[in-house]
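Asker: Residue strings, one per chain:
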Amino acid sequence: MSSFAMERDLATQGRVITALAERALRVQLRRAQFLLPSFLLPLLLLAVIASGTSAAQQLPGFPSTGSYVGFVVSGTIMQGTLLAGLMAGIAIAGDIEGGFFDRLLSAPVHRASIVLGRVLGTALIGVAQAILFLSVALALGADFKGGVIGVLLTIMLAALSASAAAGLGATIALRTGSLSLMQNLFPFVFVLLFTAPAFFPRALLNPVLETISVVNPLSYVVEGMRGALFDSAALGSVWAGFAAGIGSVVLTCTLAVWAMRSRVRS
Amino acid sequence: MQRDDKAGDAEATIEVEGLERIYPGGLRAVDGVDLAVAAGEIYGFLGPNGAGKSTTVRILTTLLRPTGGLARVAGYDVVKQASQVRRSIGVALQEAALDPLMTGRELLQLQGALHGLRRPESKLRATELLERVDLVVAADRLLNTYSGGMRRRLDLAMALVHRPSVLFLDEPTTGLDPVSRSSLWSELRKLNDEGTTIFLTTQYLEEAEQLADRVGIIDHGKIVAEGTPQELGRLVGEPGLYVKLIDEGQSENARELLAVHGAVSDRAAGGLTIRTALGARAIAPIVRTLDEAQIEVDAVEVEEPTLDDVFLAVTGHRAEEGSEEDVA
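Which chain is which? The protein sequence lines are A and B, in order.
Take the first sequence: its letters are residues 1 to 266, numbered as in this note's numbering.
Take the second sequence: its letters are residues 1 to 328, numbered as in this note's numbering.
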């Protein structure tokens, strides 16, 4: 392929990815059953935590972050992005069962572009979730020492977390093609969440959860958010967060593209 | 409508040789299909559920790989040159798979982007197509408010976004009312007149007769008959005329009188069927014969052969609809 043809192909695939991301965003936001788990459920949990569990901060070993809401909002973002990723998988399974996926496959687009369009749409949802949850946390008394830079880094980590979750959701949806199976995966989101230090610092997790949290990449992403929001390396390494986030996105998207190729071949 | 002058006199746009698809578990959905469709032709692919129609279409549209044989569409191999095939074809699969939470205009613009159109070009093409399929008023409504006929028209419009030279339609009128069906047929004829080659699967012989230049009948993954709709219709034998009498008690008398026009058989409630090579042209003499004998006629109808009749004629068994799920 000549360099001109390659550039033209890249531009075309860029348009395809943007159009598919736009569709993912638009349709998800029109679906009430999506908005409830992705936006309202994490907000509800944040509100409950803000009103009734701030005594957790008094536990020995709990880091000083001003308010518990400020500490826990990273977990809320993580919860929201994981649920958005699961909803992305549900949407793909719905497309497969409803036949819309065949329409995408019969168009002259790269298989990877179909996955990346959905991942990009979910990343944008992750950005919207992070902005909303951080705003609510600020309104509830959180004080982010990391300032605007810390907030921007957290939003970027949220986008990575949502992308990785979308890649994972897409992989499962493409392997199984089953909408009902995807809909039954909600509990696993909470398993992932509670095996990472989403709502408590790692030192306060029980030994089993603490061991699992070492291999759970979400641990580094959520701690990276805290490190950025409070400008504190003791709360978490931002770079480790980005490394874990980018690594997870690459891994899950590769698995999703592989799952799609395998689906088409069969 | 017969246009078999187009068949065979142009280079084949769809060429299939010994096509096979065996699913894991051993189900042989397509079992050595050979066919050729000329440029500008409408080819009707008939068969009951589970015969292998949809699997064949999925292979020709690159959605499924064959396990044997060769298939070329618009000059490209469906396995080795799948991307070029996808650029050349428009596809409207069974059940008009459309996202109910998008509007008609959004779906057309998305389809434009999938085929590489830039945004302004895509918007313009969407507007043109909405006009063409008469959906301008509903263009900005969500799909979940569309009727079956509107969805089918939009589905067709989406298949045309990139002006394909070959169009694949999988049971395009299944479940539509007669008015919507007729409107879709007329749009397909227009497209064919503009030069588009159409490969159409259907369960309705009438649809094939209305649209197709040639028809292939598939059963258990094999083509069991091929020809013009008229040729296939003739396989059933002489056309039938159904005569319903007002007075059932006169049927015995009528049966004897009508024997001069063809082979007469009894039907329920005083009805008779006369098989005659004259077909509809025998109506007048039949009515005259009965009138002269003062036998009052309630109705006379030409009995069109159905897919089931053709099936029975070519395979020796009836098309068992729904007896076996279509695998793809």
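Bear in mind the hints are in silico, worked out from the structure with no lab data behind them.
Misleading hints may appear alongside valid ones.
Said to hold, decoys possible - Reference excerpt, derived from the structure (chain A facing chain B, CB under 8 Å, subset only):
(1) Thr12
(2) Arg31
(3) Ala32
(4) Asp102
(5) Pro108
(6) Arg111
(7) Lys145
(8) Val148
(9) Arg175
Claimed, not checked - Across the chosen pairs, the derived CB separations fall in these ranges:
(10) A:Leu185 to B:Ser182: 43 to 49 Å
(11) A:Gly98 to B:Glu231: 44 to 50 Å
(12) A:Thr211 to B:Leu124: 44 to 50 Å
All C-beta atoms in this analysis are idealised placements derived from N, C-alpha and C, irrespective of residue type, glycine included.
Asker: Now tell me, hint by hint, if it's right for this structure.
Answerer: Status of each hint after checking the structure:
At about 5 Å, the closest approach between the beta carbon of A:Thr12 and any beta carbon in chain B falls short of 8 Å, and the interface hint on this residue holds. For the restraint placing A:Arg31 at the interface with chain B, the shortest Cβ-Cβ distance is roughly 6 Å, inside the 8 Å limit, so the hint holds. Evaluation of the A:Ala32 hint against chain B yields a violated restraint, the C-beta minimum of about 11 Å exceeding 8 Å. With 8 Å as the threshold, the beta carbon of A:Asp102 comes within range of chain B, its nearest partner Cβ sitting at about 6 Å, so the hint holds.
Taking 8 Å as the C-beta contact cut-off toward chain B, the hint placing A:Pro108 at the interface holds, the least distance being around 4 Å. Given hint, A:Arg111 at the interface with chain B, is violated; its Cβ is 11 Å from that chain's nearest Cβ, farther than 8 Å. Hint on A:Lys145 is violated. Least Cβ distance to chain B is approximately 42 Å, over the 8 Å limit. With 8 Å as the threshold, the beta carbon of A:Val148 stays out of range of chain B, its nearest partner Cβ sitting at about 33 Å, so the hint is violated.
Hint status for A:Arg175: violated, given a least beta-carbon distance of 15 Å to chain B, over 8 Å. Checked against the hint of 43 to 49 Å, the pair A:Leu185 and B:Ser182 passes, with Cβ atoms roughly 46 Å apart. At roughly 39 Å, the beta carbons of A:Gly98 and B:Glu231 sit outside the given window of 44 to 50 Å. The beta-carbon spacing between A:Thr211 and B:Leu124, approximately 59 Å, falls outside the hinted interval of 44 to 50 Å.
Hint compliance for this structure: hints 3, 6, 7, 8, 9, 11 and 12 are broken, all remaining hints hold.
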